[in-house]
Amino acid sequence: SQQGEEDPQALSIQEGENATMNCSYKTSINNLQWYRQNSGRGLVHLILIRSNEREKHSGRLRVTLDTSKKSSSLLITASRAADTASYFCATDAGGNNRLAFGKGNQVVVIP
Amino acid sequence: NAGVTQTPKFQVLKTGQSMTLQCAQDMNHNSMYWYRQDPGMGLRLIYYSASEGTTDKGEVPNGYNVSRLNKREFSLRLESAAPSQTSVYFCAGGARDRHSPLHFGNGTRLTVT
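Residue numbers (our numbering), protein chains in the order written: chain A, 1 to 111; chain B, 1 to 113.
I should point out that these hints are in silico values taken from the structure, not numbers from a laboratory. Treat the hints with care, since some could be wrong.
Mimicking DSSO-like on lysine-lysine, the simulated pairs with C-alpha atoms at most 27 Å apart in a straight line are [said to hold, decoys possible]:
hint : chain 1 : residue 1 : chain 2 : residue 2
1    : A       : K26       : B       : K71
2    : A       : K103      : A       : K69
3    : B       : K57       : A       : K103
4    : A       : K69       : A       : K26
5    : A       : K56       : A       : K103
6    : B       : K71       : B       : K9
7    : A       : K26       : A       : K70
8    : A       : K103      : B       : K9
Build out the structure end to end from the sequences listed, making use of the hints.
In structure tokens form, the structure reads like this:
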């Protein structure tokens, strides 16, 4: 199965700064999704971008997708302490909405 | 609105013991999934159920069995637990539509000694 791979693995920033994470994948996809996980909790869906889309926004989140490079980036603008979490990308290439997850980015926002 | 509920939250087993992890959703999802999360490994799909009455293997099914009891419930069974099954287990539900997000429970933290 394909795996998304986020880069960098860990990020520490000051409140108000922007945070950028990257994800690469190996095969053709139907869509790419980003999830957030707070410590000790389940994953929460943030945003989904379809394979025919190049950029999508949701509040302070901006996602880009480059299918020619098989990569995506997640930008969180004006970060807040509450954004401290792990962020995962996931790709859906097979049927039945099965997702393959990357290893995750840990983001720490310092107040 | 509970969403996806997993029980228990924590469990300690001895090698060779068996147990069933329960998952129930009230979101009317057709599809349900079991993932395990290990440090540095991300989430890996164990089994999934595309609809009531069907189940299929995911990436790491060995040592597990599942039952889709009805549309709401999807259980994961460890028949003979091994230390390698120490992990955090997440259940998720989703629509069959490929462009729908998954909704996750808060996980079951399992330790096998």
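task = Just pull the numbers of the violated hints for me, sorted ascending.
result = Violated hint: only 1; rest satisfied.
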